[in-house]
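**Q** Here's the letter readout for the chains.
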Amino acid sequence: MRAFEFILRRVLTAIFVLIGVSLITFAISHVVPTDTAALYLGSTRARPEDLERIRLKLGLDRPLSVQYAIYMGDLIQGDLGDSIATKRPVLQELTDRLPATLELLFFGMFMATLIGVPLGVLSARWQGTWADVIVRIISIVGVSMPAFYLGLLMQIAFFRNLDLFPLSGRVDSNLRFTNPIDPITSFFLLDTFLTSNWVAFKDVFHHLVLPGFTLAAYPIGLIARMNRAAMLEVLGQDYIRTARAYGIKERVVTYMYALKNAISPTLTVIGLTVAYALTGTFFVEVIFNWPGLGLFTVRSLLALDYPAIMGMTLLGASGYVLINLIVDLLQMWVDPRIRLQ
Amino acid sequence: MKRFTLFVSLLVTLSVILSACAPAATEAPVVEPDAPATEAPAPVVEEPAGPVVLRIAYSSTIDTWDPIASFSTEAAYLPNVYETLLKINKPGSAERYTPVLAESWSVSDDRLSYTFNLRPDVKFHDGEPMNAAAVKASIDAVKDHGGAGFIWWSVDNVEVVDDLTVKFNLSTPQPIDLIASSMYAAYIVSPKALEGFAADENFWADGKSYGTGPYMVESYTPDVEAVFTQNTEYWGGWEAGQYEKVVASLVPEATTRQQMLEGGEVDLAERIPNENLSTFDNDPNYTVFREPSFFNYIAYFNTLRAPLDDVKVRQALSYAIPYEDIINIGASGLGTQSFGPVPAGVYPWDDSVGQYSYDLEKARALLTEAGHEGGGFSIRMTYTASNASEEAFAPLIKDSFAQIGVDVTIEALSLGEQLKLARSGADAQDMTLMLYWPAYADAGADNLWSLFYYTEKPSWNLSYWNSPEYNALWDEASALSGTDFEASKAKYVEAVKLLVDEAPGVYFYDTMAVYVIPNAIGGFEYNLNYPFWHFDYYNLRAAQ
Chain A
1 MRAFEFILRR VLTAIFVLIG VSLITFAISH VVPTDTAALY LGSTRARPED LERIRLKLGL
61 DRPLSVQYAI YMGDLIQGDL GDSIATKRPV LQELTDRLPA TLELLFFGMF MATLIGVPLG
121 VLSARWQGTW ADVIVRIISI VGVSMPAFYL GLLMQIAFFR NLDLFPLSGR VDSNLRFTNP
181 IDPITSFFLL DTFLTSNWVA FKDVFHHLVL PGFTLAAYPI GLIARMNRAA MLEVLGQDYI
241 RTARAYGIKE RVVTYMYALK NAISPTLTVI GLTVAYALTG TFFVEVIFNW PGLGLFTVRS
301 LLALDYPAIM GMTLLGASGY VLINLIVDLL QMWVDPRIRL Q
Chain B
1001 MKRFTLFVSL LVTLSVILSA CAPAATEAPV VEPDAPATEA PAPVVEEPAG PVVLRIAYSS
1061 TIDTWDPIAS FSTEAAYLPN VYETLLKINK PGSAERYTPV LAESWSVSDD RLSYTFNLRP
1121 DVKFHDGEPM NAAAVKASID AVKDHGGAGF IWWSVDNVEV VDDLTVKFNL STPQPIDLIA
1181 SSMYAAYIVS PKALEGFAAD ENFWADGKSY GTGPYMVESY TPDVEAVFTQ NTEYWGGWEA
1241 GQYEKVVASL VPEATTRQQM LEGGEVDLAE RIPNENLSTF DNDPNYTVFR EPSFFNYIAY
1301 FNTLRAPLDD VKVRQALSYA IPYEDIINIG ASGLGTQSFG PVPAGVYPWD DSVGQYSYDL
1361 EKARALLTEA GHEGGGFSIR MTYTASNASE EAFAPLIKDS FAQIGVDVTI EALSLGEQLK
1421 LARSGADAQD MTLMLYWPAY ADAGADNLWS LFYYTEKPSW NLSYWNSPEY NALWDEASAL
1481 SGTDFEASKA KYVEAVKLLV DEAPGVYFYD TMAVYVIPNA IGGFEYNLNY PFWHFDYYNL
1541 RAAQ
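Protein chains in written order, with this note's numbering: chain A, 1 to 341; chain B, 1001 to 1544.
Calculated directly from the structure, the hints in this document are not laboratory data.
It is possible that part of the hints are untrue.
To be verified - Under the rule of at most 25 Å between Cα atoms (straight-line distance), these lysine to any residue pairs were calculated in the SDA-like manner:
1. B:K1123 / B:T1229
2. B:K1457 / A:E49
3. B:K1208 / A:D61
4. A:K57 / B:N1202
5. A:K57 / B:K1123
6. B:K1208 / A:G81
7. B:K1420 / A:D61
8. A:K87 / B:R1290
9. A:K249 / A:D132
10. A:K57 / B:G1416
All chains, full assembly: derive it from the sequences and hints.
**A** Take a look at the structure:
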């Protein structure tokens, strides 16, 4: 019951958040001085009569408040409008690209968790030793290194010099002729796995590694630091000393007893960095030419394609709200104390 | 630990659910049965029994697939899919035109009608016959709503004489053969597509092909790639070594394109960063082409107000432009100082019109003559914020003008904003930097008219320079262009001379087109007259 009430309250707040976001984005994208009709026609040299026709078609001749009302009216019906640049429905543009971004995001976050959590444990268990120092350096570098710079370094090192991983894109263009991917879920790793298309699976995995790691660098640093702090706190507690006194193996103490209690704050951090990493994909996607939402958004921003910008902002905001909600729910489930409050 | 595993599995489940909600990103491509690629452990490197594929990294965006509306960088792709009646050869060729969909053409004695005899037995990609009715429908459509439809302004009507003969009736003599070879607004398109567009404005959104060209659009994934495949029925026929498929990857980052080319991920790449060209110059595997281009940088002086309404002041400022430095900074040296607003090599370019040198003494003397000894006035200059070249060289102008006592304020604006301000008349900025190029291979009809021909309401003639003499010269040149090409050119050259002498604008430099072509690929030829059509797939040949 409590959970239901909680979710309801959060959803209601979310609606107000989204209305606020839409209002701000709409206002900003419409005060930027630009000729939307010329953008629509793809040329600044369009004929005046064509420009006029497009202005009427897009409703640009109406007051801003009316335009906003029309936009919101359409939005409620699930219509995000048509992109100025591509002329296709924005909703379709976003859903077409969502799987690419989510695949990268999940892969990156999976990598971050897989690397960050053990690093934190390692660092806490051997606090003050050289291992701890190294982990702390890694996490500081991970947190402070800009994604676009790290991405370029990775490309130079692993593509140009070592030739271990491909430079950019999601899949090798030759594959479409030799081992075409059947887009069942549009998560290529999953699709190739499900269809046992191992050649393509390997290629897709290879393409994921560099952008995935670039995206993961920040969360790795954050997760490692957070998990280290939480572990240190837990490891200093009485029940751990008791466990050790019982002669339980240190590995069991660390992983079975300490990590279990230290994971809750780390989980929050992981959840929040998922939302953060969603914005991180913008840089990563541009560097690695990853055909996802980030690349689309950057292009839309440069073209001042406001329906696309609006759609992406609303999607991003919804993502943030949704992920926060999921994290809260997960915490309630992991940590009974929160449930009891 | 168990809960942690649960969390991970939850994430995975969530991803599956979310992906199930999303529709398929790409249609499964139409491909011949899978080539067996199991025996070798190294899958991608090994050349499988697939088609001969040309992979290109492009920076050109595809704003539309509509060949009628096209007036932007999609001209890099469309000429491989659509054809015009004629093709204009590169400057210096023996013949000016190559017949494409027209086999021959003739002009009436009064120069008021052009008759084209069409190539028989040509079919559009959708199977419709290419005939006089289709030509008429295409030209009518482009006149009605084409992005560059204005190029046909002189055509009263297009007449279907018989199935394979079409006649253009003009209101005034104009070089229709030249206009019919334009890279914009001159494609002949299947009538089925024109009907489709009339019924649904979003007809072209997904990438379709309804042309007669050697390649067809096989698939298009926005922001990712466009795949082209051979039109096996192509009237020109096919020979060994030509590419069966072309995968055009859309890669906005210049350094990424370069790395893809060097790393062998693509066979060709568009627009390698100028500063990195030396790498390729020294590499025996590549040939670097540096060719004249269609583009040039100019600036308008706002001649409505003092002191720029004084020709002496404008000349003085023209002498105070450090042309060499601007080319070095703005284009990494890859440019040549302009002779007026006609780009080098483009009709009616002529170096007899002269140029200004960088001479501060002369500039100071002219200012004194004009009653502005030691300068003492200030100038508001704008440039297009997204243009890196203008951004780089604008400060050079400020520094140089400061030396003759003229103070410059530089403002970066979006192109739309800049044009809006420049069109506001008396409130407009004093100097507007602009990158310009003609819509088709005639800078007389385009640049000279658009940029400096005085009209009541300004469009691109943003210097507000009102010279009846110039207008008269242009009118004469234009009238002669359909009848006497040489006489027409002579008039245009006279007009450009006036532009240089009276300096309603500054003519900075003509840019260069640069291509880095691997020696393994044959058939590359640069044609100045199609500056956006970087790669003609039909002409390229795979390494043997």
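**Q** Hints first: check each against the structure and report whether it holds.
**A** Each hint tested on the structure:
1. B:K1123 / B:T1229: Cα-Cα ~16 Å, so holds.
2. B:K1457 / A:E49: Holds, at roughly 15 Å.
3. B:K1208 / A:D61: violated, 32 Å
4. A:K57 / B:N1202: holds, 13 Å
5. A:K57 / B:K1123: violated, 35 Å
6. B:K1208 / A:G81: holds, 22 Å
7. B:K1420 / A:D61: holds, 17 Å
8. A:K87 / B:R1290: Outside the cut-off at roughly 36 Å; violated.
9. A:K249 / A:D132: The hint holds at about 21 Å.
10. A:K57 / B:G1416: Judged against 25 Å, a Cα distance of about 20 Å means the pair holds.
Hint compliance for this structure: hints 3, 5 and 8 are not met, and every other hint is.
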